[in-house]
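Q: These are the residues of each chain, in order.
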Amino acid sequence: MPSTDSRRLPDARGHFGDFGGSYVAETLMVPLAELAAAYEAARNDPAFVAEFERDLKYYVGRPSPIYHAERLSRKVGGAQILLKREDLNHTGAHKINNTIGQALLARRMGKRRIIAETGAGQHGVATATVCARLGLDCVVYMGAVDVERQAINVYRMKLLGAEVVPVTSGSKTLKDALNEAMRDWVTHVADTFYIIGTVAGPHPYPMMVRDFNAVVGREARAQMLEGYGRLPDALVACVGGGSNAIGLFHAFLGDADVRIVGAEAAGDGIASGRHAASLAAGRPGILHGNRTYVLCDDNGQIIETHSISAGLDYPGVGPEHAWLKDSGRAEYVGITDEEALAAFHELARSEGILAALESSHAIAQGIKLARELPSDALVLVNLSGRGDKDVHTIAAREGISLT
Amino acid sequence: MNRIDARYAELRGAGRIGLIPFVTAGDPSPDLLVPTMQALVAAGADLIELGVPFSDPMADGPVIQHASERAVARGVGIALILDRVAAFRRDDAATPVILMGYLNPIEIYGWARFARDAAAAGVDGVLLVDCPVEEADRAAPLAQAGLHQIFLVAPTTTPERLGGVTARAQGFLYLVSFAGVTGANRLDTGEIAQRIAAIRRATEVPIAVGFGVRDAASAAAIGAAGADAVVVGSALVERLAGAADAAEVAARIDECLAPIRRALDAAPRDPS
Chain A
168 MPSTDSRRLP DARGHFGDFG GSYVAETLMV PLAELAAAYE AARNDPAFVA
218 EFERDLKYYV GRPSPIYHAE RLSRKVGGAQ ILLKREDLNH TGAHKINNTI
268 GQALLARRMG KRRIIAETGA GQHGVATATV CARLGLDCVV YMGAVDVERQ
318 AINVYRMKLL GAEVVPVTSG SKTLKDALNE AMRDWVTHVA DTFYIIGTVA
368 GPHPYPMMVR DFNAVVGREA RAQMLEGYGR LPDALVACVG GGSNAIGLFH
418 AFLGDADVRI VGAEAAGDGI ASGRHAASLA AGRPGILHGN RTYVLCDDNG
468 QIIETHSISA GLDYPGVGPE HAWLKDSGRA EYVGITDEEA LAAFHELARS
518 EGILAALESS HAIAQGIKLA RELPSDALVL VNLSGRGDKD VHTIAAREGI
568 SLT
Chain B
18 MNRIDARYAE LRGAGRIGLI PFVTAGDPSP DLLVPTMQAL VAAGADLIEL
68 GVPFSDPMAD GPVIQHASER AVARGVGIAL ILDRVAAFRR DDAATPVILM
118 GYLNPIEIYG WARFARDAAA AGVDGVLLVD CPVEEADRAA PLAQAGLHQI
168 FLVAPTTTPE RLGGVTARAQ GFLYLVSFAG VTGANRLDTG EIAQRIAAIR
218 RATEVPIAVG FGVRDAASAA AIGAAGADAV VVGSALVERL AGAADAAEVA
268 ARIDECLAPI RRALDAAPRD PS
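For the protein sequence lines, the chains are A and B, in the order given.
168 is the number of the first residue of the first sequence in the numbering used here; add one for each residue after it.
18 is the number of the first residue of the second sequence in the numbering used here; add one for each residue after it.
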């Protein structure tokens, strides 16, 4: 049985037990080591930390509140459902916490050119946003299929001054955008900083992206103690790559009485094969520079995933989640497209909040969990993003034309 | 003795520069893999690198990406490749065969099983693009089965790191000629000569140079820079795409490799 003190992980080489690590070509090993050293210096530099916190407060609008969804809780008829409102952040999701941290680090390292990958476009928008503010060049790689599906976010990135490059290799989605961003980085490694949008990739990214998002859990833990006099009974967050989830979970890992649940995208159902539930239905493998659970065939080829939510449509998952699953500290369950949509509508009608489709998976799981618990139990759900970006997808799915 | 070591010893003895063609296994067709390997030898290959196709080849440029996609679509995996290597071995006991690819297919196949099956099929070495020395303990079963693990040296490899790489080097070192992906065209032979010299100071292990070697002129320049061997990948893979039968494969291979072979054999050698 491995140590369950996950707060101390990863080790110096980025391992979470047998997960994580730096599985990249030799060309990137020195740049990754330089990045790790620069990050280590920055996080121990009070001036850097102060600037990051100042930006979170005055640019992002932190702290985000915890909102008691009373009507929803009453309708569900079980535990009290609390929402950590990351949807109220500037740009509408938790993603900005990480892009601000990495962009400040890029500037500190003297890198003027930023690259990023994006799936739904949320991380691309959050990256383009901070690049505009810091006056950095920004190139965003996006699968050609996603460029089609997410036209509004593509335009949003362009308005912010970013160049959006459609990726036509492989399945033309998020995983291929990540491959292409890595190829750009290996080619322009001297002057370019790669802002990865989730807790995946090679070390130090899973640790660094976690740390920048861990403000979510630190705030939530303090807010719970202050507003409710105790910690929640359970945490719920959606897991694609897993950055909002790890951001919420991390401050609670040592609180053994707090149950931790991640909601993956089960798409049309795990049994259908059309899903993106890497932890629930995948196997350990190596993708995008780290060892983690992946969805692949018997030849080791990564397979195409499906989710109604582009942000969860990824065949891997952050290695720390793989570790938390195997160590038993967290549990991971699948939520289907249908369940997520139903939760989206339920929250809209009962609380007047349009949740992102990604976050709707967490809402759905939060509702399920609340039903099983007594009315004095507290379930804290990470409402990681707002749903304005998804109204076209939802309308199309329900056969409604908006034009 | 591992065939890779035997072949480099021969090359050194004869004062020749080795030619290492790379082809993506399963492109243009899995059925043409054995004839392709035979044609490579006929065209002057000293060692053969077989790319194991992977869905997400992060270090490869468009040519090898697309060849890999086509091979994946044909269902080509490790078991099939090992079957073809074994078939090739029935008629060729000398030419070293190196599998080059990414970790996930081996992780899924299983390390111990892979090492045993690859050695039994007649594979001599494995180059894992996404396995730096820091993570190479995963690959320990390779050495136990008598397979060499080939490591990369990159333009970004610092002198401090180089020591760690050469300490683990087996067979040969693969020097990546520039920071980028396979098939790009950014050769700087002066810089490569310096890197080769730096590696020579650290190890006796032979040095092959790859990435960006596309024709007789670039191969000769790399040879003159002091490489023990040159790797020709994207230029060959591009030319093989769509070849219909063994005759066409052989003709295209000869067209691509024969001028390179001649240039290497004519290149001036540093007697050291």
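Treat the hints with care, as some may be off.
Interface residues of chain A toward chain B, partial, derived using beta-carbon atoms under 8 Å [claimed, not checked]:
#, residue
1, THR194
2, MET349
3, THR354
Treat the hints as calculated values from the structure; they're not laboratory data.
Just so it is clear, CB atoms sit at the ideal spot from N, CA and C, and this is done for glycine as well.
Q: If you take the shortest Cβ to Cβ gap from MET349(A) to chain B, is it below 8 Å?
A: Nearest chain B Cβ about 5 Å off; hint holds.
Q: Against chain B, with CB atoms and a cut of 8 Å, does the hint on THR354(A) hold up?
A: This hint holds: THR354(A) lies near chain B, its Cβ roughly 4 Å from the closest one there, short of 8 Å.
Q: Quick check on the hint: THR194(A) CB to chain B CB, less than 8 Å?
A: Holds. Min distance 4 Å.
Going down the numbered hints, you'll see the structure goes against none, and every one checks out.
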